[in-house]
Amino acid sequence: MWLPLFLDPLPQLLECTRLGLPPTLRAIWADPWLLFHPQKLRNIFMAGFWVVFGPGLDENAAPAKRRLVTPYAHGVVLEIGAGHGHSLQYFDRDKVTKYVAVEPNEDMYPGLRKSIAQAGFSEADGTALILPFGAHEVDRIADVVGEHQVDTIISFLTLCSVPNSKQVIPKLCLTLLKSPGGTLLMYEHCLSPVWSSRLYQRIWSPIWSLAWNGCRLDRDTPKWVEQVPWSERYVGKEEGMPDWHLFYRAVGRYVL
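Using the working numbering, the first residue of the sequence shown is number 1, and each one after it goes up by one.
A hint or two may mislead.
Derived CB-CB ranges, DEER-like [stated by the list, open to error]:
hint	residue 1	residue 2	range
1	R93	E59	17 to 27 Å
2	D243	D31	39 to 49 Å
3	E239	H74	20 to 30 Å
4	P22	K178	38 to 48 Å
5	N164	V255	17 to 27 Å
Here are the computed lysine-lysine pairs in the DSSO-like style, where the Cα-Cα straight-line distance is at most 30 Å [what the hints assert, rightly or not]:
hint	residue 1	residue 2
6	K98	K166
7	K237	K95
8	K40	K95
9	K178	K237
10	K237	K166
11	K40	K166
12	K114	K223
13	K223	K171
14	K223	K237
15	K237	K40
16	K178	K166
17	K178	K95
18	K98	K171
19	K166	K223
Honestly, the hints are just simulated from the structure, not real lab data.
Idealized CB from N, CA, C, for every residue including glycine.
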(Lines of atoms letter the chains of each structure in order from A and count residues from 1; the text may use other names and numbers.)
(Lines give C-alpha, C1' and ligand atoms only; values in the text may rest on other atoms or scores of the structure.)
Protein backbone atom coordinates (compact mmCIF):
# COMPACT_ATOMS: atom_id res chain seq x y z
CA MET A 1 0.00 0.00 0.00
CA TRP A 2 2.89 2.36 0.70
CA LEU A 3 3.77 3.07 -2.96
CA PRO A 4 0.26 4.08 -4.16
CA LEU A 5 -0.12 6.16 -1.00
CA PHE A 6 3.25 7.83 -1.45
CA LEU A 7 2.46 8.69 -5.09
CA ASP A 8 -0.97 10.12 -4.27
CA PRO A 9 0.04 13.80 -4.74
CA LEU A 10 1.69 13.17 -8.12
CA PRO A 11 -1.43 13.34 -10.37
CA GLN A 12 -2.44 16.67 -8.85
CA LEU A 13 1.06 18.05 -9.31
CA LEU A 14 1.09 17.03 -12.96
CA GLU A 15 -2.39 18.42 -13.57
CA CYS A 16 -1.73 21.78 -11.93
CA THR A 17 1.48 22.04 -13.97
CA ARG A 18 -0.44 21.28 -17.16
CA LEU A 19 -2.98 23.99 -16.37
CA GLY A 20 -0.72 26.59 -14.79
CA LEU A 21 2.32 26.49 -17.05
CA PRO A 22 0.77 27.74 -20.35
CA PRO A 23 -0.60 31.04 -18.95
CA THR A 24 2.67 31.54 -17.08
CA LEU A 25 4.73 31.09 -20.24
CA ARG A 26 2.40 33.41 -22.16
CA ALA A 27 2.82 36.05 -19.47
CA ILE A 28 6.62 35.75 -19.65
CA TRP A 29 6.50 36.01 -23.45
CA ALA A 30 4.46 39.20 -23.16
CA ASP A 31 6.62 40.64 -20.38
CA PRO A 32 10.07 39.02 -19.92
CA TRP A 33 10.71 41.24 -16.90
CA LEU A 34 8.39 38.91 -14.99
CA LEU A 35 11.35 36.56 -14.72
CA PHE A 36 12.69 38.95 -12.10
CA HIS A 37 9.42 38.82 -10.13
CA PRO A 38 9.05 35.20 -8.99
CA GLN A 39 6.10 35.89 -6.67
CA LYS A 40 4.13 37.43 -9.53
CA LEU A 41 4.90 34.36 -11.64
CA ARG A 42 3.71 32.09 -8.83
CA ASN A 43 0.49 34.09 -8.64
CA ILE A 44 -0.09 33.78 -12.39
CA PHE A 45 0.65 30.04 -12.25
CA MET A 46 -1.76 29.49 -9.36
CA ALA A 47 -4.52 31.59 -10.89
CA GLY A 48 -4.12 29.60 -14.11
CA PHE A 49 -4.86 26.23 -12.57
CA TRP A 50 -7.24 27.47 -9.87
CA VAL A 51 -9.88 28.21 -12.53
CA VAL A 52 -10.21 24.42 -12.90
CA PHE A 53 -9.09 23.15 -9.49
CA GLY A 54 -11.04 25.64 -7.38
CA PRO A 55 -14.57 24.57 -8.34
CA GLY A 56 -13.67 20.88 -8.00
CA LEU A 57 -12.18 21.31 -4.54
CA ASP A 58 -15.18 23.39 -3.51
CA GLU A 59 -17.59 20.72 -4.73
CA ASN A 60 -15.77 18.03 -2.76
CA ALA A 61 -15.84 20.20 0.37
CA ALA A 62 -19.45 21.34 -0.06
CA PRO A 63 -21.01 19.05 2.60
CA ALA A 64 -18.48 20.16 5.23
CA LYS A 65 -18.85 23.82 4.25
CA ARG A 66 -22.65 23.70 4.48
CA ARG A 67 -22.47 22.27 7.99
CA LEU A 68 -19.80 24.73 9.05
CA VAL A 69 -20.52 28.00 7.24
CA THR A 70 -24.26 28.26 6.72
CA PRO A 71 -25.28 28.06 10.40
CA TYR A 72 -22.23 29.71 11.99
CA ALA A 73 -20.82 32.45 9.72
CA HIS A 74 -22.27 35.70 11.04
CA GLY A 75 -21.77 39.45 11.29
CA VAL A 76 -18.55 40.74 9.76
CA VAL A 77 -16.97 37.73 8.06
CA LEU A 78 -13.29 37.85 7.13
CA GLU A 79 -11.99 35.12 4.86
CA ILE A 80 -8.26 34.58 4.49
CA GLY A 81 -7.09 33.26 1.14
CA ALA A 82 -10.46 34.03 -0.40
CA GLY A 83 -9.44 32.94 -3.90
CA HIS A 84 -12.47 33.12 -6.19
CA GLY A 85 -14.86 33.47 -3.26
CA HIS A 86 -16.36 29.98 -3.45
CA SER A 87 -17.31 30.19 0.24
CA LEU A 88 -19.80 33.00 -0.41
CA GLN A 89 -22.40 30.62 -1.81
CA TYR A 90 -22.72 28.97 1.61
CA PHE A 91 -23.47 32.18 3.53
CA ASP A 92 -26.85 32.81 5.09
CA ARG A 93 -27.18 36.37 3.77
CA ASP A 94 -29.49 37.34 6.63
CA LYS A 95 -26.73 36.56 9.14
CA VAL A 96 -23.74 38.11 7.36
CA THR A 97 -23.53 41.90 7.31
CA LYS A 98 -20.15 42.35 5.60
CA TYR A 99 -17.65 40.20 3.75
CA VAL A 100 -13.93 40.98 3.93
CA ALA A 101 -11.80 39.00 1.48
CA VAL A 102 -8.11 38.83 2.34
CA GLU A 103 -6.46 37.75 -0.92
CA PRO A 104 -2.93 38.76 -1.97
CA ASN A 105 -3.18 37.31 -5.50
CA GLU A 106 -4.73 40.02 -7.65
CA ASP A 107 -5.07 37.57 -10.54
CA MET A 108 -7.89 36.01 -8.50
CA TYR A 109 -9.88 39.24 -8.30
CA PRO A 110 -12.08 38.89 -11.42
CA GLY A 111 -13.47 35.58 -10.17
CA LEU A 112 -13.68 36.89 -6.61
CA ARG A 113 -15.65 39.98 -7.63
CA LYS A 114 -18.03 37.84 -9.67
CA SER A 115 -18.76 35.66 -6.62
CA ILE A 116 -19.22 38.73 -4.41
CA ALA A 117 -21.84 40.15 -6.77
CA GLN A 118 -23.64 36.81 -7.14
CA ALA A 119 -23.89 36.52 -3.34
CA GLY A 120 -25.52 39.94 -3.02
CA PHE A 121 -22.57 41.85 -1.59
CA SER A 122 -21.02 44.99 -3.05
CA GLU A 123 -17.80 46.93 -2.66
CA ALA A 124 -19.69 50.06 -3.67
CA ASP A 125 -22.13 49.94 -0.74
CA GLY A 126 -19.53 48.78 1.78
CA THR A 127 -20.88 45.26 2.31
CA ALA A 128 -17.76 43.80 0.68
CA LEU A 129 -14.08 44.66 0.92
CA ILE A 130 -11.07 43.09 -0.80
CA LEU A 131 -7.71 43.46 0.94
CA PRO A 132 -4.56 42.68 -1.11
CA PHE A 133 -2.70 41.26 1.88
CA GLY A 134 -1.48 37.89 3.01
CA ALA A 135 -3.03 36.39 6.13
CA HIS A 136 0.30 36.84 7.91
CA GLU A 137 0.05 40.63 7.50
CA VAL A 138 -2.18 40.92 10.56
CA ASP A 139 -1.18 44.48 11.43
CA ARG A 140 -2.01 45.73 7.94
CA ILE A 141 -5.38 43.97 8.04
CA ALA A 142 -6.11 45.46 11.47
CA ASP A 143 -5.22 48.94 10.22
CA VAL A 144 -8.12 48.66 7.77
CA VAL A 145 -10.80 46.67 9.59
CA GLY A 146 -9.82 47.59 13.16
CA GLU A 147 -8.89 45.40 16.09
CA HIS A 148 -11.59 43.13 17.55
CA GLN A 149 -14.10 44.10 14.86
CA VAL A 150 -14.53 40.74 13.12
CA ASP A 151 -17.27 38.29 14.12
CA THR A 152 -16.13 35.33 12.01
CA ILE A 153 -12.83 34.33 10.43
CA ILE A 154 -13.01 31.70 7.71
CA SER A 155 -9.99 29.66 6.63
CA PHE A 156 -10.50 27.04 3.95
CA LEU A 157 -7.33 25.34 2.68
CA THR A 158 -5.33 28.49 3.41
CA LEU A 159 -3.39 28.13 6.67
CA CYS A 160 -1.32 25.46 4.92
CA SER A 161 0.20 28.29 2.84
CA VAL A 162 0.58 31.05 5.42
CA PRO A 163 4.22 31.82 6.32
CA ASN A 164 5.00 31.17 10.00
CA SER A 165 1.43 30.00 10.55
CA LYS A 166 2.23 28.69 14.05
CA GLN A 167 2.84 32.29 15.15
CA VAL A 168 0.30 33.90 12.82
CA ILE A 169 -2.77 31.91 13.87
CA PRO A 170 -3.01 33.18 17.48
CA LYS A 171 -2.13 36.73 16.45
CA LEU A 172 -4.73 36.72 13.68
CA CYS A 173 -7.52 35.46 15.94
CA LEU A 174 -6.69 37.48 19.05
CA THR A 175 -6.15 40.71 17.12
CA LEU A 176 -9.13 40.65 14.76
CA LEU A 177 -11.89 38.64 16.43
CA LYS A 178 -14.39 40.14 18.81
CA SER A 179 -14.22 38.82 22.34
CA PRO A 180 -16.28 37.17 23.61
CA GLY A 181 -18.07 35.42 20.77
CA GLY A 182 -15.65 35.75 17.85
CA THR A 183 -15.57 32.57 15.80
CA LEU A 184 -12.99 30.77 13.66
CA LEU A 185 -14.35 28.36 11.04
CA MET A 186 -11.64 26.10 9.67
CA TYR A 187 -11.42 23.48 6.92
CA GLU A 188 -7.75 22.63 6.39
CA HIS A 189 -5.61 19.79 5.18
CA CYS A 190 -2.98 19.10 7.79
CA LEU A 191 -0.56 16.63 9.31
CA SER A 192 -1.91 13.07 9.29
CA PRO A 193 -2.32 11.19 12.60
CA VAL A 194 -0.53 8.20 11.00
CA TRP A 195 3.27 8.29 11.33
CA SER A 196 4.04 6.79 7.90
CA SER A 197 1.73 9.29 6.20
CA ARG A 198 3.38 12.12 8.12
CA LEU A 199 6.73 10.97 6.74
CA TYR A 200 5.39 11.02 3.17
CA GLN A 201 3.82 14.44 3.73
CA ARG A 202 7.16 15.83 4.86
CA ILE A 203 8.93 14.35 1.84
CA TRP A 204 6.41 15.83 -0.59
CA SER A 205 5.98 19.24 1.03
CA PRO A 206 9.04 21.03 -0.45
CA ILE A 207 8.00 20.04 -3.99
CA TRP A 208 4.31 20.62 -3.37
CA SER A 209 4.91 24.10 -1.99
CA LEU A 210 6.65 25.18 -5.21
CA ALA A 211 3.61 24.35 -7.33
CA TRP A 212 0.97 25.45 -4.83
CA ASN A 213 2.38 28.84 -3.86
CA GLY A 214 3.76 27.88 -0.47
CA CYS A 215 1.19 25.26 0.50
CA ARG A 216 2.60 22.46 2.68
CA LEU A 217 1.10 19.08 3.47
CA ASP A 218 2.79 18.79 6.87
CA ARG A 219 1.32 21.68 8.87
CA ASP A 220 0.05 20.72 12.33
CA THR A 221 -2.67 23.36 12.05
CA PRO A 222 -5.20 22.01 14.61
CA LYS A 223 -2.47 21.93 17.28
CA TRP A 224 -1.46 25.51 16.51
CA VAL A 225 -5.07 26.73 16.59
CA GLU A 226 -5.25 25.38 20.14
CA GLN A 227 -2.75 28.05 21.24
CA VAL A 228 -5.70 30.44 21.36
CA PRO A 229 -7.70 30.36 24.64
CA TRP A 230 -11.04 29.37 23.11
CA SER A 231 -14.11 29.13 25.32
CA GLU A 232 -15.70 26.58 22.98
CA ARG A 233 -14.27 24.24 20.35
CA TYR A 234 -15.80 21.67 18.04
CA VAL A 235 -13.10 19.81 16.16
CA GLY A 236 -13.15 16.78 13.90
CA LYS A 237 -12.11 15.57 10.49
CA GLU A 238 -13.83 15.60 7.13
CA GLU A 239 -16.51 12.93 7.04
CA GLY A 240 -15.22 9.73 5.46
CA MET A 241 -11.59 10.90 5.51
CA PRO A 242 -9.20 8.05 6.48
CA ASP A 243 -6.51 8.97 8.99
CA TRP A 244 -3.74 7.82 6.65
CA HIS A 245 -4.72 10.16 3.81
CA LEU A 246 -1.93 12.50 2.67
CA PHE A 247 -4.54 15.25 2.29
CA TYR A 248 -6.05 14.59 5.71
CA ARG A 249 -8.52 17.39 6.44
CA ALA A 250 -9.49 18.82 9.80
CA VAL A 251 -12.77 20.67 10.33
CA GLY A 252 -13.24 22.98 13.29
CA ARG A 253 -15.37 25.67 14.86
CA TYR A 254 -13.75 27.69 17.64
CA VAL A 255 -15.35 30.42 19.74
CA LEU A 256 -13.60 33.00 21.95
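Going down the list of hints, with the structure as the test:
1. R93 to E59: 17 to 27 Å: The hint (17 to 27 Å, Cβ to Cβ) holds, given that R93 and E59 are roughly 21 Å apart.
2. D243 to D31: 39 to 49 Å: Distance hint for D243, D31 holds at roughly 46 Å.
3. E239 to H74: 20 to 30 Å: Roughly 23 Å apart at Cβ, these two residues keep to the hinted range, so it holds.
4. P22 to K178: 38 to 48 Å: Since P22 and K178 have Cβ atoms about 45 Å apart, the given range 38 to 48 Å holds.
5. N164 to V255: 17 to 27 Å: holds (25 Å)
6. K98 to K166: Within the cut-off at roughly 28 Å; holds.
7. K237 to K95: holds (26 Å)
8. K40 to K95: This hinted pair is violated, its Cα atoms lying about 36 Å apart.
9. K178 to K237: holds (26 Å)
10. K237 to K166: Distance of about 20 Å is within 30 Å: holds.
11. K40 to K166: holds (25 Å)
12. K114 to K223: Violated: K114 and K223 sit about 35 Å apart, past 30 Å.
13. K223 to K171: holds (15 Å)
14. K223 to K237: Holds: K223 and K237 sit about 13 Å apart, inside 30 Å.
15. K237 to K40: Roughly 34 Å between the alpha carbons, so the hint for K237 and K40 is violated.
16. K178 to K166: Within the cut-off at roughly 21 Å; holds.
17. K178 to K95: Cα-Cα ~16 Å, so holds.
18. K98 to K171: With Cα atoms ~22 Å apart, K98 and K171 stay inside 30 Å; holds.
19. K166 to K223: Holds - the C-alpha atoms of K223 and K166 are around 9 Å apart, at most 30 Å.
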